[in-house]
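If you read the protein sequences in the order shown, they are chains A and B.
According to this note's numbering, the first sequence is numbered sequentially starting from 1.
According to this note's numbering, the second sequence is numbered sequentially starting from 1.
Calculated directly from the structure, the hints in this document are not laboratory data.
Worth double-checking, as some hints may not be accurate.
Quick list of the computed label-pair ranges, beta carbon to beta carbon [said to hold, decoys possible]:
no.: 1; chain 1: B; residue 1: Val257; chain 2: A; residue 2: Pro225; range: 42 to 48 angstroms
no.: 2; chain 1: B; residue 1: Ala321; chain 2: A; residue 2: Ala414; range: 45 to 51 angstroms
no.: 3; chain 1: B; residue 1: Leu229; chain 2: A; residue 2: Asp390; range: 50 to 56 angstroms
no.: 4; chain 1: A; residue 1: Trp427; chain 2: B; residue 2: Phe4; range: 48 to 54 angstroms
no.: 5; chain 1: A; residue 1: Ala120; chain 2: B; residue 2: Ser145; range: 33 to 39 angstroms
no.: 6; chain 1: B; residue 1: Thr146; chain 2: A; residue 2: Leu406; range: 29 to 35 angstroms
no.: 7; chain 1: A; residue 1: Arg38; chain 2: B; residue 2: Gln324; range: 31 to 37 angstroms
no.: 8; chain 1: A; residue 1: Arg38; chain 2: B; residue 2: Ala289; range: 55 to 61 angstroms
no.: 9; chain 1: B; residue 1: Leu152; chain 2: A; residue 2: Gly384; range: 44 to 50 angstroms
no.: 10; chain 1: B; residue 1: Leu152; chain 2: A; residue 2: Thr153; range: 36 to 42 angstroms
no.: 11; chain 1: A; residue 1: Trp427; chain 2: B; residue 2: Ala289; range: 53 to 59 angstroms
no.: 12; chain 1: A; residue 1: His428; chain 2: B; residue 2: Arg193; range: 37 to 43 angstroms
no.: 13; chain 1: A; residue 1: Trp427; chain 2: B; residue 2: Val257; range: 41 to 47 angstroms
Which stretches of chain A does chain B cover? Using the computed rule of at least three CB atoms under 8 angstroms from a CB of chain B, they are [as the list claims (entries may be wrong)]:
no.: 14; region: 95-103
no.: 15; region: 411-423
Covered stretches of chain A (in silico footprint by chain B; criterion: 3 or more residues with CB under 8 angstroms from a CB of chain B, positions within the stretch not fixed) [stated by the list, open to error]:
no.: 16; region: 74-80
no.: 17; region: 204-213
no.: 18; region: 394-406
Quick reminder that beta carbons are idealized off the backbone N, C-alpha and C, glycines included.
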Amino acid sequence: MLPAREQMAFTLGFHIILVPFGLAFTFLMLIAEYRGLRRGDAAALRLARQWSHVAAVLFAVGAVSGTVLSFELGLLWPGLMGRFGAAFGIPFAIEGLFFFLEAIFIAVYVYGWDRLRGRAHFWTGVPVVIAGVGGTLSVVAANAWMNQPAGFTLRDGRVIDVRPLGVIFNGAFWYEALHMLLAGYMVAGFLTAAVYARAVHRDHTDRHARLGLLIPLTMAAIITPVQIVVGDIAAREVFHREPAKFAAIELVPQTGTHVPEILGGYYRDGEVHLGLPIPSGASILSGYRPGTEILGLNVVPVEVRPSDHEITVAHLAFDVMIGAGVFLLALSAWFALAWWRHRDVPGGRWFPRATIAAGILVVVALEAGWVVTEVGRQPWTVVGHLLTRDAVTRSGDVWLFFAATLLLYAAVAAATVHALRVLRRRWHERGVGPPDVPYGR
Amino acid sequence: MSTFAAVVLFTGVVFYAVLGGADYGAGFWDLTAGGARRGRAPRHLIDMVLAPVWEANHVWLIFCLVMLWTGFPAAFAAITTTLYVPLGLAALGVVTRGCGFAFRKAFTATEHQRAAGAAFAFSSVLTPFFLGTVAGGIASGRVPSTGGGDPLYSWLNPTSLLGGVLAVLVCAFVAAVFLTAEARRRGYHGLRRYFARRARIGALAAGFVAVAGIGVLHADAPHLTHGLLTRGLPLMIISAVCGLGSLTLLRHAPPRVAQACAVGAAATVVAGWGVAQYPYLLGDHLTIAEAAAPAPTLLALTVVAAAALILVVPALALLFALHQTGDLGDT
Ligand code: HDD
Ligand code: HEM
Ligand code: HEM
């Protein structure tokens, strides 16, 4: 079971970093193009065109790493697919539709710069953004279904009836999907801003770099507070609907009132160690008053209680996500304040540093968020219906597959970074245009 | 209902085999194009032809997987727990192929381009081979209904090897016809002759293996052979006619006609497999109806397929049309 989990977590963790580029970076690219067309702004158009090249490379890596996930659902989790594919698969089928549209229109957009002029070209990018949203909603619907399975009837452990709408619009769908959607936009925003932060600091008049910073940072700064509200709602929903997960992420050993919010710390043998308690914090956050009762891990039957290790990981991941969220909110506020006062990004050396840190932290938050959902669900794969140990494959040596995957993905990651640097060097030397020497001289 | 879902699934397989297959086949010709200098022109053409479309063509694979695991979940689990070796290798091959292709375009140093190009080209040959062995394992009944079949002989057997080799050759043939047509459209006469020669070689090789394959199948998978020679026979004949047709038309008819013939030849081979196996999904032991998901799921898949017909097909047509009129330049 261990290698399969590691393999799934690693490949998903890799894929998810690329997701925001297909989903939200394309949106930034459209904003830049819109501005370029609207105001005849050549710098903005150039930016849009450069971004589309970045999107093309990252979209390719995202697409193939996503395909690996599709294979893995069968190769690693035959128990899940064989038994629940009829229900769990439906959102994926819809997702396939969006992938088609996304792949088609991104190609038209990226390769259409020279022939399709102005507005026509802009409009070929719009379906990419819409399909990205649709695709994300569909995949997250599948994930949400594993947390709160709905829309099917079991008899003797077999799915005998399915209500497709019930599957898609399961209890966790709307808040998980919204939270992930916003996360994707935040990642694209902060990560892109981080790339241009230093250039703007060096030369305040470089219009190209300024746009490269301002467009994504403005978007991210607007979304961050909304994301925190949505995250708060998600936490309260989890409190009501997934008490075992809530007890794990809040580190609650015993049912009770006046439950403290614990920052950091770890869980062993039914007790919380270390950690900084905020008195009654968890109770207040989940029910708005200290008297709110929170179910503890003690009410989860021993056979299906997550291990101490899993509880600690889910809890720490939750703390990391929230910590990162608070930092990103602070940065957004700083930027908003400076813009409101001076119509400019904050001066000084610390702003570019903080922006670069935000670019890293937002990815950390994305990964941590998934760890909360996934590890917090253990030992279940489909809560209440399928244990992870029954979902996992029993055939073959997954370690071998995992080792090969690690090697390949390391090469892919290195090559991706290299490719992006080469692109940048090429723009510096020759501006945007076709590569001149195809494959060897 | 379940038959309809199986037809949708198989339509996806045919589309992937033809469109995705042509992309893999282009990788085959990329691999065999020789050193950097000699291979420069054909590789450049391959690059221009593939770049805007390969990702869209690739989504057919995802379509097939999704249709299979949602519409026929038990069969999907049986396949993945038996044929995990070739499937795992194919998955890694997909990554290598796609990334190699994308990176080759982005890199500028010759040695980097060469490394990325080699990764693209090698995996373009290996991936269809492994997928072909998977098809062979399923067709020859080596995937038990409950899964967990032999991890080696399920894909290292005569039918699978035939499937693998045939897949590579058919991909190469279709790709060569496509590339000939594209070279003609662009007025590259040297390249047109170059790929026309390769299309002929590809067709001969594929035809030869297909005919020899009937003997192999007869011994290894009698049920399938019977199906192919009875229900599947018309399709096999169409395939042969199309294959010959595309060769004779390659020089004179409009490029589109030769392309259509090559598509016909490849599509009917794959469709022939499906028809020969009907009503079974796995070998001759698990029927489509037995493996099917509950009716509402199949209905949902039908709705998705209809939506694909309305939304995706016109979009794909637009992409191909823009591509063929040269409106999607290399940027
Ligand atoms: C739609 C399906 C889906 C989605 C969107 C995700 N996962 Fe997941 N994940 C699974 C489907 C799944 C799974 C196949 O169902 C596993 C295997 C066992 C389990 O409970 O869920 C799983 C396990 C699993 C584990 C192992 C849990 C443990 O060992 O305790 C980790 C760490 C992750 N995943 C991490 C991620 C990350 C980083 C994701 C986002 C990028 C992610 N998951 C999205
Ligand atoms: C088990 C989980 C997952 C599977 C099986 C999966 C599958 C896939 C596949 C097959 C692709 C390639 C599609 C193409 O060719 O364009 C892909 C890309 C994509 N995935 Fe995932 N995915 C998973 C997790 C996620 C998650 C969690 C998200 C978002 C919340 C997501 C959003 C996307 C998006 C937006 C794309 C297209 C953009 C890009 O490729 O950069 N996926 N995924
Ligand atoms: C600071 C306030 C935040 C709170 C209170 C919060 C709360 C939560 C909760 C409770 C979950 C678990 C949902 C479930 O298991 O059903 C979750 C998941 C997640 N979080 Fe956050 N979060 C916050 C900030 C962020 C930020 C800043 C990001 C990334 C940019 C992020 C990304 C994610 C992701 C990707 C998931 C998993 C997928 C999903 O449920 O949509 N979160 N969050």
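Do the hints match the structure? See the list:
Between Val257 (chain B) and Pro225 (chain A) the C-beta distance comes to about 60 angstroms, which lies outside the given range of 42 to 48 angstroms. Range check, Ala321 (chain B) to Ala414 (chain A): about 38 angstroms between beta-carbon atoms, so the 45 to 51 angstroms window is missed. Checked against the given bound of 50 to 56 angstroms, the beta carbons of Leu229 (chain B) and Asp390 (chain A), roughly 43 angstroms apart, lie outside it. A hinted range of 48 to 54 angstroms for the beta carbons of Trp427 (chain A) and Phe4 (chain B) is consistent with their spacing of about 51 angstroms.
Roughly 53 angstroms separates the CB atoms of Ala120 (chain A) and Ser145 (chain B), a value that falls outside the hinted 33 to 39 angstroms. Taking 29 to 35 angstroms as the suggested C-beta distance range, the pair Thr146 (chain B) and Leu406 (chain A) conforms, at roughly 32 angstroms. Distance hint for Arg38 (chain A) and Gln324 (chain B): a CB-CB separation of about 32 angstroms, consistent with the stated range 31 to 37 angstroms. Between Arg38 (chain A) and Ala289 (chain B) the beta carbons are some 58 angstroms apart, a value that agrees with the proposed interval 55 to 61 angstroms.
Distance hint check: the CB atoms of Leu152 (chain B) and Gly384 (chain A) are about 38 angstroms apart, inconsistent with the given range 44 to 50 angstroms. The beta-carbon spacing between Leu152 (chain B) and Thr153 (chain A), approximately 39 angstroms, falls within the hinted interval of 36 to 42 angstroms. Roughly 58 angstroms separates the CB atoms of Trp427 (chain A) and Ala289 (chain B), a value that falls within the hinted 53 to 59 angstroms. Remark: the range hint 37 to 43 angstroms for His428 (chain A) to Arg193 (chain B) is upheld by a beta-carbon distance near 41 angstroms.
Against the hinted window of 41 to 47 angstroms, the Cβ-Cβ separation of Trp427 (chain A) and Val257 (chain B) comes to about 43 angstroms, which satisfies the hint. Coverage of the region 95-103 of chain A by chain B holds [criterion: at least 3 residues with CB-CB distance below 8 angstroms; count 7]. Restraint check on the region 411-423 of chain A versus chain B: 8 residues with Cβ-Cβ distances below 8 angstroms, three needed, restraint holds. Three residues within the 8 angstroms Cβ limit are the bar, and the region 74-80 of chain A against chain B gives 4, so the coverage statement holds.
Counting residues of the region 204-213 of chain A whose beta-carbon sits less than 8 angstroms from any beta-carbon of chain B gives 0, not enough to reach three: the coverage restraint is violated. A count of 6 residues in the region 394-406 of chain A with a Cβ less than 8 angstroms from any Cβ of chain B is obtained; the coverage claim is therefore met, three being the minimum.
Checked against the numbered hints above, the structure violates hints 1, 2, 3, 5, 9, 17; every other hint is satisfied.
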